[in-house]
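Take a look at the letters that make up each chain.
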Amino acid sequence: MPLDWIWGLIGGLLIGSAAALYLLGNGRIMGASGIVGGLVDGSARGFVSERLAFLIGVIAMPAALFALGSPVDTHATNSLPLLVTGGLLVGLGTRVGNGCTSGHGVCGISRLSLRGMIATCFYIGAGVLAVVALRGLL
Amino acid sequence: MTRLVLALLAGALFGAGLHLSGMTDTQKVLGFLDIFGGWDPTLMFVMGGAILPMFVAWRFTRGRKPVVGDSFPQPPADKIDANLVIGAILFGLGWGTVGLCPGPAIASLTYGGSAGWIFFAAMLAGMALAPRTRALLDRATA
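For the protein sequence lines, the chains are H and G, in the order given. The opening position of the first sequence corresponds to residue 1 in our numbering, with each subsequent residue numbered one higher. The opening position of the second sequence corresponds to residue 139 in our numbering, with each subsequent residue numbered one higher.
Simulated from the structure, these hints should not be mistaken for lab results. The beta carbon of each residue, even a glycine, is placed where N, CA and C say it ideally should be. Treat the hints with caution; some may be incorrect.
Unchecked claim - According to the in silico footprint, chain H covers these stretches of chain G (three or more CB under 8 Å from chain H):
| # | stretch |
| --- | --- |
| 1 | 169-180 |
| 2 | 187-194 |
| 3 | 237-245 |
| 4 | 251-260 |
What the hints assert, rightly or not - The following label-pair restraints were derived from C-beta to C-beta distances:
| # | chain 1 | residue 1 | chain 2 | residue 2 | range |
| --- | --- | --- | --- | --- | --- |
| 5 | G | Phe198 | H | Ala133 | 39 to 45 Å |
| 6 | H | His75 | G | Leu190 | 42 to 48 Å |
| 7 | H | Leu80 | G | Asp216 | 21 to 27 Å |
| 8 | G | Ala280 | H | His75 | 24 to 30 Å |
| 9 | G | Val143 | H | Leu137 | 24 to 30 Å |
| 10 | H | Asn78 | G | Leu274 | 14 to 20 Å |
As the list claims (entries may be wrong) - Here are the simulated SDA-like cross-link-like pairs (lysine to any residue), alpha carbons at most 20 Å apart as the crow flies:
| # | chain 1 | residue 1 | chain 2 | residue 2 |
| --- | --- | --- | --- | --- |
| 11 | G | Lys203 | H | Leu24 |
| 12 | G | Lys217 | H | Cys121 |
| 13 | G | Lys203 | G | Tyr249 |
| 14 | G | Lys217 | G | Val143 |
| 15 | G | Lys217 | G | Thr279 |
| 16 | G | Lys203 | G | Pro269 |
| 17 | G | Lys217 | H | Leu80 |
| 18 | G | Lys203 | G | Asp219 |
| 19 | G | Lys203 | H | Gly25 |
| 20 | G | Lys217 | H | Gly25 |
| 21 | G | Lys217 | G | Leu275 |
| 22 | G | Lys203 | G | Thr271 |
| 23 | G | Lys203 | G | Thr279 |
| 24 | G | Lys203 | H | Ile118 |
| 25 | G | Lys203 | H | Phe47 |
| 26 | G | Lys217 | G | Leu274 |
| 27 | G | Lys203 | H | Cys121 |
| 28 | G | Lys217 | H | Phe47 |
| 29 | G | Lys217 | G | Ala266 |
| 30 | G | Lys217 | H | Leu24 |
| 31 | G | Lys217 | H | Ile118 |
| 32 | G | Lys217 | G | Trp255 |
| 33 | G | Lys203 | H | Gly27 |
| 34 | G | Lys217 | G | Asp276 |
| 35 | G | Lys203 | G | Phe193 |
| 36 | G | Lys203 | H | Met117 |
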């Protein structure tokens with residue numbers, strides 16, 4: 001669709017505004033993998049309720065938009081091995097590398113962080129590799 | 139209380155942005171990574187749009203304090219270590235396998251069906267394995 005990039009830009013501005021609100025309001029970096037991962041490995045310590053409040057918002061808002069008729073299809077694969085492998089790698093990689101698309105990408109690059117930029121180059125490069133490799137195999 | 143309300147609002151804005159931008163659609167994400175196929179540039183606009191407000195926000199933090207809390211997060215040392223590079227590569231491989239990263243995986247939980255929940259559960263399992271993996275990498279590269 002020709003309007004896709006406009007929706008991308010609008011959505012992106014909302015994502016950046018969310019990160020700015022979390023930073024200026026709570027003094028926290030809005031990294032999705034860090035917020036969830038801290039709950040999983042117990043490193044969240046005193047900020048459990050703050051993280052849960054954030055996650056409720058992330059889940060509830062798209063649910064509301066979807067219920068109001070905003071069309072979406074995740075088009076996710078049905079292959080169990082791919083879903084499990086992909087999920088494991090995303091969970092492990094983001095926590096070992098200390099960030100994902102929101103943490104390293106949005107929050108890191110905007111801060112001109114060398115770590116954020118290098119991580120982003122590597123995960124996009126690896127993502128391209130996976131797409132090309134899987135197309136050759138499947 | 140203010141802290142929780144702000145976190146909920148930030149989460150809701152983040153969720154709205156992920157949903158409206160099309161980033162919960164794995165085809166758009168895989169299309170961006172498919173640079174040798176029918177390349178879909180949408181993700182670039184999302185990333186660019188998100189970096190703009192944050193660039194301004196980081197400038198604004200100078201000499202100020204957050205609404206709640208004592209200080210803004212200090213920048214991490216510019217240390218490029220094995221954890222950063224290997225972690226980013228593993229993450230990218232998983233991202234390109236399904237087309238979901240952590241934010242969209244969470245945002246699409248209510249409409250992504252069983253595929254979304256299987257991915258989410260595997261992602262949590264991967265996160266639980268991370269501390270031990272980090273320790274192994276630290277020992278191997280020390």
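Given hint H:Phe47 paired with G:Lys217 - CA-CA distance at most 20 Å:
Violated, at roughly 26 Å.
Starting from the range 21 to 27 Å, see whether the pair H:Leu80 and G:Asp216 falls in it by beta-carbon distance.
40 Å, violated
With the threshold set at 20 Å, check whether the alpha-carbon distance from G:Lys217 to G:Ala266 stays at or below it.
Violated: G:Lys217 and G:Ala266 sit about 24 Å apart, past 20 Å.
Are the Cα atoms of G:Lys217 and H:Cys121 separated by 20 Å or less?
Holds: G:Lys217 and H:Cys121 sit about 16 Å apart, inside 20 Å.
Below or equal to 20 Å on CA atoms is what counts here, so check G:Lys203 against H:Ile118.
Violated. G:Lys203 to H:Ile118 sits at ~29 Å, over the 20 Å cutoff.
Measure nothing beyond the straight line between the CA atoms of G:Lys203 and G:Phe193; if it is 20 Å or shorter, mark the hint as holding.
17 Å, holds
Verify the proposed pairing of G:Lys203 with H:Met117, using a straight-line Cα cut of 20 Å.
The hint is violated at about 26 Å.
Is the hinted range of 24 to 30 Å satisfied by the C-beta distance from G:Val143 to H:Leu137?
48 Å, violated
Coverage criterion applied to the stretch 169-180 of chain G (partner chain H; beta-carbon cut 8 Å; 3 residues):
Held - the stretch 169-180 of chain G has 8 residues with a Cβ nearer than 8 Å to chain H, which meets the minimum of three.
Could you tell me whether the CB distance from G:Ala280 to H:His75 stays inside 24 to 30 Å?
Cβ of G:Ala280 to Cβ of H:His75: about 43 Å, so the range 24 to 30 Å is violated.
Beta-carbon spacing of H:His75 to G:Leu190 - inside the hinted bounds 42 to 48 Å or not
For H:His75 and G:Leu190 the Cβ distance comes to about 28 Å; the hint is violated.
Can you confirm whether the C-alpha distance between G:Lys217 and H:Leu24 stays at or below 20 Å?
Judged against 20 Å, a Cα distance of about 25 Å means the pair is violated.
Hint violations for this structure: numbers 6, 7, 8, 9, 10, 13, 14, 16, 17, 18, 20, 22, 23, 24, 27, 28, 29, 30, 32 and 36, all remaining hints satisfied.
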